[in-house]
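Participant: If you want the building blocks of each chain, they are given just below.
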Amino acid sequence: MTTSPPSTPGIEVRSLTKLYGDFVAVSDLSFSVAPGEVLGLVGPNGAGKTTTLRSLCGIIRPTSGDISVGGHDLLQEPVKAKASLAFIPDEPHLFEYLTVEEHLRFTARVYEVDDAAERIPPLLHELELEEKRRALPGELSRGMRQKLAIACGLLHQPRALIFDEPLTGLDPAGMRKMKATITARAAAGSAVILSSHLLQLVEELCTRILIIQNGRLVAIGALDEIITERPQLAGRGLEEIFLALTGG
Amino acid sequence: MIGPFLWLTWRGFRNRTIRQLQRVRQPRYAVAMLAGLIYFWWIFFRPDRPRPMANAIPGGESAELLLTVFSLGLALMVASFWLLGSDKPPLAFTQAEVQLLFPAPITRRQLVELKLFQAQLAIILSTVVWVVLLGRRDEGVLQSGIALWILFTTMHLHRVGASLVRTSTSGHGVAGAKYNRWTLIVLGAVIAAVLWSVLAAYPSLRAAANGGDFVGALKDLLHRPAIAAVLFPFRLVLAPILTHSSMEWLRAILPALLILLLHVPWVLRTDAAFEEAAAEAAAKRAERMEAIRSRRGRVRAPRASGTRTWLPLAPHGRPANAIVWKNIVAIARTVPPSTAGMVVAGVVVALIAMFMIAPNVHDTTTVAAILMLFGAGFLVVAGPLWIRNDLRLDMLRLELLRAYPLTGTSIVRAELVASTVVLTLLQYVLVIASYFALWRGGPMELTPSERTAALIVVILVAPAVNAANLLVQNAAALLFPAWVRLGLSRPGGVEAMGQAIVTTFGSMLVLAFLLLVPAVLGLIFGLILLAHVGYWGLVPGAALGAGLVFGEIWFITRWLGSAFEKQEPGFGKEDE
Numbered sequence: 007m008t009t010s011p012p013s014t015p016g017i018e019v020r021s022l023t024k025l026y027g028d029f030v031a032v033s034d035l036s037f038s039v040a041p042g043e044v045l046g047l048v049g050p051n052g053a054g055k056t057t058t059l060r061s062l063c064g065i066i067r068p069t070s071g072d073i074s075v076g077g078h079d080l081l082q083e084p085v086k087a088k089a090s091l092a093f094i095p096d097e098p099h100l101f102e103y104l105t106v107e108e109h110l111r112f113t114a115r116v117y118e119v120d121d122a123a124e125r126i127p128p129l130l131h132e133l134e135l136e137e138k139r140r141a142l143p144g145e146l147s148r149g150m151r152q153k154l155a156i157a158c159g160l161l162h163q164p165r166a167l168i169f170d171e172p173l174t175g176l177d178p179a180g181m182r183k184m185k186a187t188i189t190a191r192a193a194a195g196s197a198v199i200l201s202s203h204l205l206q207l208v209e210e211l212c213t214r215i216l217i218i219q220n221g222r223l224v225a226i227g228a229l230d231e232i233i234t235e236r237p238q239l240a241g242r243g244l245e246e247i248f249l250a251l252t253g254g
Numbered sequence: 149m150i151g152p153f154l155w156l157t158w159r160g161f162r163n164r165t166i167r168q169l170q171r172v173r174q175p176r177y178a179v180a181m182l183a184g185l186i187y188f189w190w191i192f193f194r195p196d197r198p199r200p201m202a203n204a205i206p207g208g209e210s211a212e213l214l215l216t217v218f219s220l221g222l223a224l225m226v227a228s229f230w231l232l233g234s235d236k237p238p239l240a241f242t243q244a245e246v247q248l249l250f251p252a253p254i255t256r257r258q259l260v261e262l263k264l265f266q267a268q269l270a271i272i273l274s275t276v277v278w279v280v281l282l283g284r285r286d287e288g289v290l291q292s293g294i295a296l297w298i299l300f301t302t303m304h305l306h307r308v309g310a311s312l313v314r315t316s317t318s319g320h321g322v323a324g325a326k327y328n329r330w331t332l333i334v335l336g337a338v339i340a341a342v343l344w345s346v347l348a349a350y351p352s353l354r355a356a357a358n359g360g361d362f363v364g365a366l367k368d369l370l371h372r373p374a375i376a377a378v379l380f381p382f383r384l385v386l387a388p389i390l391t392h393s394s395m396e397w398l399r400a401i402l403p404a405l406l407i408l409l410l411h412v413p414w415v416l417r418t419d420a421a422f423e424e425a426a427a428e429a430a431a432k433r434a435e436r437m438e439a440i441r442s443r444r445g446r447v448r449a450p451r452a453s454g455t456r457t458w459l460p461l462a463p464h465g466r467p468a469n470a471i472v473w474k475n476i477v478a479i480a481r482t483v484p485p486s487t488a489g490m491v492v493a494g495v496v497v498a499l500i501a502m503f504m505i506a507p508n509v510h511d512t513t514t515v516a517a518i519l520m521l522f523g524a525g526f527l528v529v530a531g532p533l534w535i536r537n538d539l540r541l542d543m544l545r546l547e548l549l550r551a552y553p554l555t556g557t558s559i560v561r562a563e564l565v566a567s568t569v570v571l572t573l574l575q576y577v578l579v580i581a582s583y584f585a586l587w588r589g590g591p592m593e594l595t596p597s598e599r600t601a602a603l604i605v606v607i608l609v610a611p612a613v614n615a616a617n618l619l620v621q622n623a624a625a626l627l628f629p630a631w632v633r634l635g636l637s638r639p640g641g642v643e644a645m646g647q648a649i650v651t652t653f654g655s656m657l658v659l660a661f662l663l664l665v666p667a668v669l670g671l672i673f674g675l676i677l678l679a680h681v682g683y684w685g686l687v688p689g690a691a692l693g694a695g696l697v698f699g700e701i702w703f704i705t706r707w708l709g710s711a712f713e714k715q716e717p718g719f720g721k722e723d724e
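Quick note, the sequences are listed as chains D and E, same order. Just remember that our numbering sits 6 ahead of the position in the first sequence, which is counted from 1. Just remember that our numbering sits 148 ahead of the position in the second sequence, which is counted from 1.
Derived by calculation from the structure, the hints in this document are not laboratory data. All C-beta atoms in this analysis are idealised placements derived from N, C-alpha and C, irrespective of residue type, glycine included. It is possible that some hints are incorrect.
Said to hold, decoys possible - Chain E residues, not near chain D, derived (Cβ > 12 Å throughout):
| no. | residue |
| --- | --- |
| 1 | GLY151 |
| 2 | PRO351 |
| 3 | LEU521 |
| 4 | ILE559 |
| 5 | ALA660 |
To be verified - If the Cβ cut is set under 7 Å, some of the chain D residues that face chain E in the computed set are:
| no. | residue |
| --- | --- |
| 6 | PHE29 |
| 7 | ILE65 |
| 8 | ILE66 |
| 9 | VAL85 |
| 10 | LYS88 |
| 11 | PHE93 |
| 12 | PHE112 |
| 13 | ARG115 |
| 14 | VAL116 |
| 15 | ALA122 |
What the hints assert, rightly or not - If you anchor each label on the Cβ, the simulated ranges turn out as follows:
| no. | chain 1 | residue 1 | chain 2 | residue 2 | range |
| --- | --- | --- | --- | --- | --- |
| 16 | D | ASP72 | E | GLN174 | 32 to 38 Å |
| 17 | E | GLN174 | D | GLU97 | 25 to 31 Å |
| 18 | E | PHE188 | D | ASP177 | 39 to 45 Å |
For reference, chain E alone in the conformation it holds in the complex (with noise of 0.2 Å):
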């Protein structure tokens, strides 16, 4: 069966590959070919770019060291996927898939093993780009390459297995725990030992975070037999990335290609469990509504289950605030649950570390403040292109949007409000977070007034700021969609990749033009009434620069509206 399979991933990269290669005719695809060329080349290919494994690999404690840090990040990669799960259900199939495969005299096993064959295509290029990156040299380049891809390969298989496992015991209850017991066990006696080893040495962390050898508390940690019973099968699939010799490397890539052959059989019996459990669940609920029907004579209607409106609308008030409702609505339910999962991780992990790691509460709550700020200007340049919820998610239901009673100027005025709104509230929230963590004091010099004087100048000039850059993101959904990543999907491909520098460069060019004289005769202003009044002077000059930016905005957006009741839908359709 593996024939077929060849000839169908073959033929679709191959048609792939040419399409885009054909989209270079045009113009502005082959700006974006050529950028995304000089990208790769300068990523990959530039002469003084870093190998940091173009020498030999250090030995010894170095060694060691290295291995036990990259087996821990690993084993942390791997509890992600068991914690947080993925984006997509496991071993997603495609519409065309589902179509055409299901109906065919094909087995479920051998549909498991197309998608498995499928998912080397982009294997082997990642491990293509991370041997050049590396930079190996000579025999080194193929002894990475196979260990990379033995790696990789078996990281993609974990996460699928663990996927199976989740979501079959999720949503099969009783029976899928039944049908994964033994991946099960093993996953409880892992977190078992985890958690023994660390509640065992945490008095010796909490001294060493105290003024001690943290460094050597936590190797100790790492040392500890049932923790490095954990790491152990880590370290073996790691260790021939990181060997010094030919003969070392033949000796290292045996047991991590026998993790590798265990994960085939283990991903195919889950497989197998998660359609048992399945069947057994479905068979149970026919059971329980058989026996409900004998019963009662007839089958209760079921109650009206789902999603819930958590951000109310109200019913009158002006037609457009319908799409800011909407789009506030989108981003609580198009942020996949697995980036929610991480973001709640990773704050209490910092948190833990801090209160571990600091000696007091009050050294405490400075980093924190420090970092909440570090946060919000971090988002005032990765918010726009993470929120994404206006025109860049909406241009693709632009059908439905014409149509609706509203004028062009309306909708985008709109659109850009949504975005706005969420992006900064997210600011505000971290802003106004380390203003009262750092009420008694903090690493700079002061007083309780200026810093209520600088907090009201973050709070007038982060809207702002926020709405223009998230105009030119909207701007150029509008007037340039080919260009814009629209809806959720990412496309690939160097032009892509090229289209998106291209675009990211002209938007900060037309930011910049956008802030340039607001900014400027902001800060003339409020430095002028600083020499008179103190901090409390930029209050007013952030003022006059907010006003001047949503003065501009308010212009450009009338002009965007008239540009958005002329675009016509089906732009997207020849670049498809």
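Okay, chain D solo, but in the shape it has when bound (with noise of 0.2 Å):
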């Protein structure tokens, strides 16, 4: 794992609250993710992963507090923000009368990808959605959707990646795939923030990991150095240290 974030954030949040009438679902949350770092989101189950995760994205609007993606406020500019970022939700939402292909090209008109014609074909190659991109996504495995979604949000090439739980529904081979993805794009320049319980896989791929419980940031930074903030976590794996930290 490798340590100090880059001083220009691809996404950048301050102070993100979001409440549902009085139950606080994420408290004054701050954090920031570099071009080129995966930033690995862990916590329990109502945690507040995927009310952070829907903020970062604009799917929902934060009750306070500010979030940057590519340099653009969400809530001054959102289509500008929206137009740099991906969100790959763990359960693929797909329109059912939508072909593979027609999916694609849906979404490289609305993320105005001028160069869709020429990026489809290897993305459809890559995500092995060639045979299928004449298929309605009701015809597809519970994988090939998720590919599709994996596709569809790598195709405007973002600067700033959000998945959750991306392995889920995958075959192995698949998850290798999509492992050397979240790679790849990390080393392309994108900031990638990966949420998910699969801490072996966080701890694989994260440069960083930010921990969280009840809304409120628990831990945040490198592995190491969350130990050495700890010295009674010396020598545990992530597995441990999830578990001492959060209580479990």
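Starting from the two chains in their separate frames, assemble the complex, guided by the hints.
Facilitator: This is the structure we're talking about:
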């Protein structure tokens, strides 16, 4: 794992708070993800991970706080901020009446991808969707649907990528490719947030880790930084550290 | 095995009902429930409601005619099962049933029995509703109920059987046809009998249409031996509903029950045939693959097949236009094939009937033009409820839409444009076709120039009225998502009906408010010009009215756009 995030963040979150009535889903959360960095977002069920991710994508409006994506404020310049971003949820949301290829053409037009005709074929090949390009989502397996959602997310080469449980539904080969894709996108300069309960995956891919519980930040940093701040955790793996910090 | 199925069906019904009653604690559902109950009372229990079968059913020739007409209607309905099929696959199992019951130690036959058993809940409810609607009294209630239950159950079983045979034959080719050969032979015989009788009677029908006794000719056709034989089972099933005395009912009920009982083994056998045909077709496919593999050493990758794009999306342009494109594609792919088939069949039947009945071409085109104008007018009212390729379809994908780099206003406007375009184009086709059909004049005393002016008025006004109407529907979906039917599913229950009534009433009020000022101003302007330049003066009036409506829509969509940006996904969860 590497340390010290660069100074120009791809994603920057300051004092993010989200309330549902009296319920505090996320409270005063601040962090940043630099280009080329993969931040692992982990926390127990109900910790506020999905609320955080949905806020970062502009799907829900935060109660207070600032979010910036690719240098654009999500509230002030939502269109520019969203154009720099891709969100790949754990449950793929697709239009049941558009084919695989049509999903990509539609996404290209919405994100104003000029060279979509050149980008689509290699993407279909990379995600093994070539033979299914005229299939409707209802004709695809769970894994294929997930791959289509990933293809739509990668098509416009976003500066910030947000994955929520990206390996759900993928076969072993698909998982390996997915991990390689995440690493490659980060190496190409994208800021990546990866939320998962698979702590081995987080440990393997992420340069830094953000642990939240009850909507609050518990720990952030590279694994060795977290351990340095808490000497009693020395010699333990992420799973044990996670359990120790969240009281699991 | 019936015990667990009974328990499952009962608990499902009970839990759904309790859930619906619990929701009534929320004011919006309480109002909807009240509206639904008032509607039910008005339809079923108001003192002055019509009771078509409260008194004795007519006997003699009238009863015979009634039975013949109903048999024909039932036969046409059954024909639609075979010709048009169903929107749903036969015996559609829910996801939970597939996951929990398919791996359980239950035979396929028992699963089919479960589905047939589950359908009884809806059938019994329909029976109760129809018994109340028909309004028979005393012992007639029970007799009527049993007769209707036999009719509905037989129809349901026939529909399932027909769907299984269709799916098996179209999906499994020769194997499907082989396993359903007896059904197909009977079906072929019925089709041949009907065609032969119609062809034999055609000269007399044609002659009757040109000034003769058409009803008499039609009666003769229905009483031809082949047609009478085809209609005989339908008469047997319907006969108990139209009996006059308990004795007569007792005599009629046994043959009807026999027809029902014959359907049960037929459906079970058809399902078994479906399974065997599927297995045989799969085995043959595997053999073919093996043969190719041994010949070539490898299997050629299958070519991409499936749904093709019929409407191209330009690679460049305004991003929001992609949503318009997506929604127009959606309308073609979400219309159930049976609906499209029914529309086509209806048009074909109407055309054939018109050419048979109308004595000359001029009258035929006039009738066609009037029908098309009526259709275009009907679409103004019903179109926005049928054409739903807008936020009413997309609100369920709100999470996805919200993540796109588009403003809320541009999304709302694109959604509105999509359904407006489809609806308006349909009306344009009908209106322009009727314009040309009436080229040589029609029932109204209008000159060609005046008819052209009227056409342009319609062309100007239609998109504005449609857009306003659809704006109201979309605003309701966005602002009150729990009150509007979203997606393609249809919610059930009294409060769902009440919600529909309240929403429809509210929508009509808002629409009237939206259209009032533009309509009055456009009409005044048009009438002033009419006095000076004739019918063409209405055109600027229509343009003014349409322009004002579009102006209103422009401002309202801006406001709705900001509402869209504030709307959070998950609105429906508490309602599910």
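Participant: Hints first: check each against the structure and report whether it holds.
Facilitator: We went through each hint and held it up to the structure:
The beta carbon of GLY151 of chain E is kept farther than 12 Å from every beta carbon of chain D, the shortest such distance being approximately 34 Å. Here PRO351 of chain E stays apart from chain D, with its beta-carbon at least about 48 Å from theirs, past the 12 Å limit. The beta carbon of LEU521 of chain E sits about 32 Å from the closest Cβ of chain D, which is more than 12 Å, so the claim that it is off the interface holds. For ILE559 of chain E, the condition that its CB be more than 12 Å from all CB atoms of chain D is violated, with the nearest at approximately 10 Å.
With a cut of 12 Å on Cβ distances, ALA660 of chain E stays outside the contact zone with chain D, its closest approach being about 33 Å. Because the smallest distance between the Cβ of PHE29 of chain D and any Cβ of chain E comes to about 13 Å, over 7 Å, the interface hint for this residue is violated. With a least beta-carbon distance of about 5 Å to chain E, the hint placing ILE65 of chain D at the interface is held under the 7 Å criterion. The criterion of a C-beta within 7 Å of any C-beta in chain E is met by ILE66 of chain D, whose closest approach is roughly 5 Å, and the hint holds.
Given hint, VAL85 of chain D at the interface with chain E, holds; its Cβ is 5 Å from that chain's nearest Cβ, closer than 7 Å. The beta carbon of LYS88 of chain D is positioned within 7 Å of a beta carbon in chain E (closest approach about 4 Å), and the interface hint is therefore held. A hinted interface residue such as PHE93 of chain D counts as satisfied when its beta carbon comes closer than 7 Å to some beta carbon of chain E; here the least separation is about 5 Å, so the hint holds. A hinted interface residue such as PHE112 of chain D counts as satisfied when its beta carbon comes closer than 7 Å to some beta carbon of chain E; here the least separation is about 5 Å, so the hint holds.
Because the smallest distance between the Cβ of ARG115 of chain D and any Cβ of chain E comes to about 4 Å, under 7 Å, the interface hint for this residue holds. Residue-level restraint check for VAL116 of chain D holds (minimum Cβ-Cβ distance to chain E is 5 Å; threshold 7 Å). Among the interface hints, the one on ALA122 of chain D holds; its C-beta lies about 6 Å from the nearest C-beta in chain E, closer than the 7 Å criterion. Here the CB-CB span from ASP72 of chain D to GLN174 of chain E is close to 35 Å, well matched to the stated 32 to 38 Å.
Take GLN174 of chain E and GLU97 of chain D: their Cβ atoms lie about 27 Å apart, and the range 25 to 31 Å holds. The hinted window of 39 to 45 Å between PHE188 of chain E and ASP177 of chain D is violated, with their beta carbons roughly 52 Å apart.
Of the numbered hints given earlier, the model fails hints 4, 6 and 18; all others are met.
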